[in-house]
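Novice: Listed below, chain by chain, are the residues.
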Amino acid sequence: MPSVLVIDDNSVRATIIEAGLREAGHDRVTVVTDVTGIAGKIAALAPDVIVIDLENPNRDMLESMFQLSRAVKRPIAMFVDRTDSDAIERAIDAGVSAYVVDGLRQERVKTILDMAISRFKAYSRMERELEDARNALQSREIVDRAKRLLMASRGLSESEAYALLRKTAMNQNRKISDVAQSLILAADLLGDEGQT
Amino acid sequence: MTVTDITAAFLPLTDSAILVAARECGFAEEEGIALSLLRETSWANVRDRMAIGQFEAAHLLAPMPIAFALGLTPLSLDLVVPMAMGLGGNAVTVSAALHAQMQEAHPFEPSSPADAGKALAAIVQRRRAQGLDNLQFAVVHPHSGHNFELCYWLAASGVTPDVDIDIVVVPPPFMPDALSSGQINGFCVGEPWNSVAVEAGSGMIATTKSAIWKSSPEKVLGVRADWASGNREALGALVRAVYKAAQWCGEQENHVALSEILARDAYVGQPASLILRALDGTVAPSSGSGDPRFFVPFDGAATFPWQSHALWFYSQMVRWGQIDHTAENAERAKRCYRPDLYRAALDALPAPIPSANAKVEGALTTAQPMGATQGALMLGPDGFFDARTFDPDKLEAYLAEQKIV
Numbered sequence: 001m002p003s004v005l006v007i008d009d010n011s012v013r014a015t016i017i018e019a020g021l022r023e024a025g026h027d028r029v030t031v032v033t034d035v036t037g038i039a040g041k042i043a044a045l046a047p048d049v050i051v052i053d054l055e056n057p058n059r060d061m062l063e064s065m066f067q068l069s070r071a072v073k074r075p076i077a078m079f080v081d082r083t084d085s086d087a088i089e090r091a092i093d094a095g096v097s098a099y100v101v102d103g104l105r106q107e108r109v110k111t112i113l114d115m116a117i118s119r120f121k122a123y124s125r126m127e128r129e130l131e132d133a134r135n136a137l138q139s140r141e142i143v144d145r146a147k148r149l150l151m152a153s154r155g156l157s158e159s160e161a162y163a164l165l166r167k168t169a170m171n172q173n174r175k176i177s178d179v180a181q182s183l184i185l186a187a188d189l190l191g192d193e194g195q196t
Numbered sequence: 001m002t003v004t005d006i007t008a009a010f011l012p013l014t015d016s017a018i019l020v021a022a023r024e025c026g027f028a029e030e031e032g033i034a035l036s037l038l039r040e041t042s043w044a045n046v047r048d049r050m051a052i053g054q055f056e057a058a059h060l061l062a063p064m065p066i067a068f069a070l071g072l073t074p075l076s077l078d079l080v081v082p083m084a085m086g087l088g089g090n091a092v093t094v095s096a097a098l099h100a101q102m103q104e105a106h107p108f109e110p111s112s113p114a115d116a117g118k119a120l121a122a123i124v125q126r127r128r129a130q131g132l133d134n135l136q137f138a139v140v141h142p143h144s145g146h147n148f149e150l151c152y153w154l155a156a157s158g159v160t161p162d163v164d165i166d167i168v169v170v171p172p173p174f175m176p177d178a179l180s181s182g183q184i185n186g187f188c189v190g191e192p193w194n195s196v197a198v199e200a201g202s203g204m205i206a207t208t209k210s211a212i213w214k215s216s217p218e219k220v221l222g223v224r225a226d227w228a229s230g231n232r233e234a235l236g237a238l239v240r241a242v243y244k245a246a247q248w249c250g251e252q253e254n255h256v257a258l259s260e261i262l263a264r265d266a267y268v269g270q271p272a273s274l275i276l277r278a279l280d281g282t283v284a285p286s287s288g289s290g291d292p293r294f295f296v297p298f299d300g301a302a303t304f305p306w307q308s309h310a311l312w313f314y315s316q317m318v319r320w321g322q323i324d325h326t327a328e329n330a331e332r333a334k335r336c337y338r339p340d341l342y343r344a345a346l347d348a349l350p351a352p353i354p355s356a357n358a359k360v361e362g363a364l365t366t367a368q369p370m371g372a373t374q375g376a377l378m379l380g381p382d383g384f385f386d387a388r389t390f391d392p393d394k395l396e397a398y399l400a401e402q403k404i405v
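Line order of the protein sequences matches chains A and B. The first sequence maps to residues 1 to 196 in my numbering. The second sequence maps to residues 1 to 405 in my numbering.
The set of hints was computed from the structure by calculation and includes no laboratory data. Just so we're clear, the structure is a prediction, and the values are computed from it rather than from any experiment. Just to be clear, a hint being listed does not mean it is correct.
Said to hold, decoys possible - So the derived list for chain A, only partly shown, Cβ under 10 Å to chain B, looks like this:
hint : residue
1    : N10
2    : D27
3    : V31
4    : V32
5    : T36
6    : L54
7    : N56
8    : N58
9    : D60
10   : L62
11   : S64
12   : A91
13   : Y99
We treat Cβ as the ideally placed atom computed from N, Cα and C, and that holds for glycine.
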């Protein structure tokens, strides 16, 4: 089994990738989240494959090291076969890049890349879902606050307050949470205290 | 007018100004372009995302398209360079400790690379005599103006890169931290990252790109070759928009507004006051009013893709062992810079355009008028600090003489 070095400053994502590789039978996996002194680490580990997140600003440094440095004894190339544009595209779209030592069999590398790509995608999806959930929670809280404002200032019931927000949103072609946000802002500006 | 969507990538640097102004000041819109800008974190990312078609154009280190053309990059990308994006803009910064040692060994002003070079050479010799490790200097990329101007300055000062001093790569925004933590002793980077280190008290300017080689090339507009050949009209519109933006950036009355736009988090994300230093030429301390040629976005044909610039970068790639010289390689390097596309795009504008595709670099000690298609065009001064010249027609001779460091 080839040895794999995962460089990712997002430690959660790095752990997810590491777990995926281990489940697939790769037991020689090392994770690095801080690239300080990376040349020495690479020299000591002599990894066959290096997986790095695309957003890492140190990619230029790594590439120059692969090309020039005496610390890296074996030649390292960008992992995917240059002619395999489909694999390149999938990797870049997923936000991952990989480098391999020359001479490693393509099929062996492919399983590692495929794993990295799917784990990167899974992580992005998870992040997006979390973000959506956070937004949903936030807008529900905002609507609740606006309802309480209307109930207190105009003597409406909860359902009447909600109906008023909904009607205003429909008339203005806006989202209920946006109308609620404007209302809260206006109340804050007018110093309408004690309503929340 | 039909609107063309164009996406361009940039790195957070002051010299992304021209591309940013093309979008923010309406020049792209006037040309029927909906220009989206993507801030990237590494040149490798710009290359990879461009290669798979995520954007059409990018703010690029001037030698990068040459490296692509010569097959020196891990992933290939076929690019054309229809225009350059300004001259100068970089500086060499050293740690406060090294600066003090250098000044003590041989007093210098940043405006004199020769004196600063003597001072550094003295420290390098002293360290060798004391059995100390090599100094570490960082550049942003092996295929960068930074690398080549730093190495040119070092070699001309009697300090051999990679022998007497180690050259490493560090991303621009990390340079100030790498210097203050002592990982490196100096760096050559674009603004505002020199000024950020100076402002933090960890760095001092040793010299500037505009002093090492006056009016020297730095960034270019790189455009995907397949897109350029299939969208000639849109390419022309893009070049015109960026040309007009460069003109706007070059006018002093716009510098404050420009620095405020660039200061936004979406662009450079550093204080406007630091960004303004490059625009006003006050990056290096000087007794006068600053160096008006520190960063030149427009004047002196600063947007023209000189093939002699491409060939000079090529000569340095050969010099430092990045590529073996062959006539074919030289031709490839020259051909990715495309004055023909520049002229085709700007033909309709009342713009003075150089008649030649190449010039002898370093020959102008003062600004001089230059043959142009129309109007008057002043060029230079463009001298190298060691008074050498580069004649692109005598490439072989230049390669032979620069082997002797």
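Novice: When the structure is checked against the list of hints, which entries are broken? Sort them ascending.
Specialist: Hints 1, 2, 3 and 4 are the ones this structure does not satisfy, whereas the remaining hints hold.
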